[in-house]
Amino acid sequence: MFDALSDRLRLALSGLSGHGRVSEEDVDVAMREIRLALLEADVNYKVVKDFVRRVRERAIGAQVVESVNAGQIVVKIVHEELTAILGAGDRTFRFDGSPAVIAMVGLQGSGKTTSSAKLARWIVRQGRQPLLVAADPYRPAAVEQLITLGKSLDIPVYSAPAGTRVVDIASGAVAHARGSGRDVVILDTAGRLQMDEALMGEIREVHAAVSPTETLLVVDAMVGQEAVSVAEAFHANTPVSGLVLTKIDGDARGGAALSISAVSGLAVKFMGTGEKTDALEVFHPDRLAGRILGMGDVVSLVERAQETYDAKEAEKLAEKLKKNAFTLDDFLEQMQQVKKMGPLGSIIDMIPGLGGAAKQAQQAIDRGELAHVEAIISSMTRAERADPGILNASRRRRIARGSGTSLPEVNRLVKQFGEMQRVMKMMRGRGGKFPGMPMGPLS
Amino acid sequence: MTAPERGAAAPDRILLQNALKPTRQGFAERVKSLLGSDHPADETWEEVEEALISADLGAELAIEVCDRARARTDVGPQKALQLELLQLFAERKPVPWPRIPGPGIPAVILVVGVNGTGKTTTIAKLAYRFKSLGAKVLLAAADTFRAAAIEQISSWAERIDVPVISHAAGADPSAVVFDAMDAAVARGMDVVIIDTAGRLHTKANLMEELAKIRRTIGKRIPEARPEVLFVLDATTGQNGLLQAKAFNDSSGLTAIALTKLDSTAKGGVAFAIERSTDVPVLFVGLGEKLTDLRDFDPNAFVAALFALDGSAGS
Numbered sequence: 206m207f208d209a210l211s212d213r214l215r216l217a218l219s220g221l222s223g224h225g226r227v228s229e230e231d232v233d234v235a236m237r238e239i240r241l242a243l244l245e246a247d248v249n250y251k252v253v254k255d256f257v258r259r260v261r262e263r264a265i266g267a268q269v270v271e272s273v274n275a276g277q278i279v280v281k282i283v284h285e286e287l288t289a290i291l292g293a294g295d296r297t298f299r300f301d302g303s304p305a306v307i308a309m310v311g312l313q314g315s316g317k318t319t320s321s322a323k324l325a326r327w328i329v330r331q332g333r334q335p336l337l338v339a340a341d342p343y344r345p346a347a348v349e350q351l352i353t354l355g356k357s358l359d360i361p362v363y364s365a366p367a368g369t370r371v372v373d374i375a376s377g378a379v380a381h382a383r384g385s386g387r388d389v390v391i392l393d394t395a396g397r398l399q400m401d402e403a404l405m406g407e408i409r410e411v412h413a414a415v416s417p418t419e420t421l422l423v424v425d426a427m428v429g430q431e432a433v434s435v436a437e438a439f440h441a442n443t444p445v446s447g448l449v450l451t452k453i454d455g456d457a458r459g460g461a462a463l464s465i466s467a468v469s470g471l472a473v474k475f476m477g478t479g480e481k482t483d484a485l486e487v488f489h490p491d492r493l494a495g496r497i498l499g500m501g502d503v504v505s506l507v508e509r510a511q512e513t514y515d516a517k518e519a520e521k522l523a524e525k526l527k528k529n530a531f532t533l534d535d536f537l538e539q540m541q542q543v544k545k546m547g548p549l550g551s552i553i554d555m556i557p558g559l560g561g562a563a564k565q566a567q568q569a570i571d572r573g574e575l576a577h578v579e580a581i582i583s584s585m586t587r588a589e590r591a592d593p594g595i596l597n598a599s600r601r602r603r604i605a606r607g608s609g610t611s612l613p614e615v616n617r618l619v620k621q622f623g624e625m626q627r628v629m630k631m632m633r634g635r636g637g638k639f640p641g642m643p644m645g646p647l648s
Numbered sequence: 006m007t008a009p010e011r012g013a014a015a016p017d018r019i020l021l022q023n024a025l026k027p028t029r030q031g032f033a034e035r036v037k038s039l040l041g042s043d044h045p046a047d048e049t050w051e052e053v054e055e056a057l058i059s060a061d062l063g064a065e066l067a068i069e070v071c072d073r074a075r076a077r078t079d080v081g082p083q084k085a086l087q088l089e090l091l092q093l094f095a096e097r098k099p100v101p102w103p104r105i106p107g108p109g110i111p112a113v114i115l116v117v118g119v120n121g122t123g124k125t126t127t128i129a130k131l132a133y134r135f136k137s138l139g140a141k142v143l144l145a146a147a148d149t150f151r152a153a154a155i156e157q158i159s160s161w162a163e164r165i166d167v168p169v170i171s172h173a174a175g176a177d178p179s180a181v182v183f184d185a186m187d188a189a190v191a192r193g194m195d196v197v198i199i200d201t202a203g204r205l206h207t208k209a210n211l212m213e214e215l216a217k218i219r220r221t222i223g224k225r226i227p228e229a230r231p232e233v234l235f236v237l238d239a240t241t242g243q244n245g246l247l248q249a250k251a252f253n254d255s256s257g258l259t260a261i262a263l264t265k266l267d268s269t270a271k272g273g274v275a276f277a278i279e280r281s282t283d284v285p286v287l288f289v290g291l292g293e294k295l296t297d298l299r300d301f302d303p304n305a306f307v308a309a310l311f312a313l314d315g316s317a318g319s
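Protein sequences appear in the order of chains W and H. Here the first sequence is numbered in the working numbering, starting from 206 and rising by one per residue. Here the second sequence is numbered in the working numbering, starting from 6 and rising by one per residue.
Just so you know, these hints were derived from the structure itself, not from any lab. Since the structure is predicted, the reported quantities are computational estimates derived from the model, not experimental observations. Incorrect hints may have been included.
Label-pair ranges, simulated between beta-carbon atoms [unchecked claim]:
| id | chain 1 | residue 1 | chain 2 | residue 2 | range |
| --- | --- | --- | --- | --- | --- |
| 1 | H | 210 | W | 384 | 29 to 35 Å |
| 2 | W | 369 | H | 217 | 40 to 46 Å |
| 3 | W | 238 | H | 96 | 56 to 62 Å |
| 4 | H | 99 | W | 297 | 55 to 61 Å |
| 5 | W | 524 | H | 216 | 37 to 43 Å |
| 6 | W | 406 | H | 227 | 50 to 56 Å |
| 7 | W | 238 | H | 34 | 30 to 36 Å |
DSBU-like cross-link-like pairs, simulated, lysine-lysine; straight-line CA separation at most 35 Å [to be verified]:
| id | chain 1 | residue 1 | chain 2 | residue 2 |
| --- | --- | --- | --- | --- |
| 8 | H | 217 | W | 620 |
| 9 | H | 37 | W | 251 |
| 10 | W | 254 | H | 37 |
| 11 | H | 294 | W | 481 |
| 12 | W | 620 | H | 208 |
| 13 | W | 481 | H | 217 |
| 14 | W | 251 | H | 250 |
| 15 | W | 254 | H | 250 |
| 16 | W | 481 | H | 208 |
| 17 | H | 250 | W | 620 |
| 18 | W | 254 | H | 217 |
| 19 | H | 84 | W | 251 |
| 20 | W | 254 | H | 208 |
Don't be surprised by glycine CBs; every beta carbon is placed ideally from N, CA and C.
Chain W with its partners taken away, still in its complex shape (with noise of 0.2 Å):
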């Protein structure tokens, strides 16, 4: 996630180490990168010109302290900046209420209906028992597609006969949740294009027919410089209350959720992060802005590890990142644990500086290597797999003889291994001197 943008990032003010103090030329290079870098994640021109020009002025002159460089001093800044945009406004999600109502709306194809089942899916491990409501009378097949997800989920969905329209679709639900026990409905409304002034009607007519408690616009990451329009002119329409960010387990680096939190002041409360109705996360923004920065993302990794393993692994898990004690045993366990618990993109972004092994571990468990990976480190011994340091060509001849492998697949792993310690050792090395980052309970 965002990996491009913490590259860039990286790069700009690498050239910054090693001086003694914040100069204006030191600040100007690194300035005009992170601008092309912004604009290259597709952040809107405005709020980048704005973002530059705060961060500029408060990096010119700034103080600089024992054991600091000028580029940490920048990065920190950066770092502020970047939280300050995407923790703007409100981010507590409210669904209280007799039933709560949540309306979902956004352009064609952003992820709403996904994003519905995802939201309903979190209700429920929340105690409450949401409805879900297929209000998009237009797209074909757009009601049974809620109504699989629904069913998949065992969460009920409401839907009307062809024809009905959408306020009475919205009114009819909420009078058959009071009536079933179900205590949030979730709206799923209708794609459309902001220009769309029939369809901007209905949402205004929802809106007055059951003052949602929430009404979270969906926004794709791959949005670009519309992103701040598209926002504005839903806002305009309808209270919107709160951003759900999809589709942010690809590569795309998400710049409309800086942009639209800027402009509109308008928070992000959720973040899809994969096509399985379990992926989706709530949003933080100071991991979000260190996640931007390369800074990885430890504690939501142990959060989401946490839902997998009881609370004893999770702290084993956390203890190992932090000491690097990562032997080819763990790799393994680490590799079934991940399949364990979903697709591995979205955990290993929030692995610090894990980028380039664990996206090659990602795409080796999306080959089905696993079961490689597994015969070659079962074939190994004890005392190679603490150290495969010792491995030497005739120990690495007989693991492939004994896997079924090849010769090859054993180096590339053995290989990818190492890299992965080296990284980790560098990430430790690096994260003792960020005194001023906010790294979470676990630093």
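Fit chain H to the supplied structure of chain W, relying on the hints for placement.
This is chain H only, laid out in the frame that chain W set:
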């Protein structure tokens, strides 16, 4: 049958201009007023650059286009900018699309893209267009993953009155394609259009699945030279470039359809994509009606950005 032809069509230009109306308000007026003088100031060019960036051209390309327009002395600044933008698109020659492999062999169109770009709607529009031209069209419901995707394409097929080959949800998409190829040959179809599940280009296994679908087409109909149509949402930002490259690598794109151009989005990333992949944008989606899929005409596209009458260009 006669091969469906493509090429610049004049009426499309007017439609495109109307659809791009929200685009030109703002963008065009800014550029026009900015470049009104013969020798715009540096700050003016910077603002033009920003206008291009706001149209999703990307910072790098916007800077490059402005630099080249500035360097031109043969025409005024506004015309120069227009010509340089046009330069980014290859010239369109009217060739049959899709390619017809030979007599009795169906043309195959594989439709790919990330989630939510409008693949199924675009397929419906294509099917409608080919059917109107007298072709026998068969649809293949190879999106077996997304909930109700099969119902969605089947409901379009019914509306257009074309047959559709489908399996149960969750089936192997290649198996659907396999059957669709057999059915197309057996029933003497002219065109087969394959719907695939939306997929993020970063998922290696899903991209491999597309490659497998392509191989399946070749296995059943070795002579087939499938067209691979990449459907791109015009609201997409710079990520569109990465998408196009990844899909091109895995399945060899032959054309791009730019959808949802009737929104306020400018679709500027199309400039960068065609330039870096050499895959031409052939179609634009301008609305929700079956007739709202048009041939892409670079002249009209650039002219519409500037709200001119289309006299610019060649």
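* Numbered hints the structure breaks, given as an ascending list -> 1, 3 and 18
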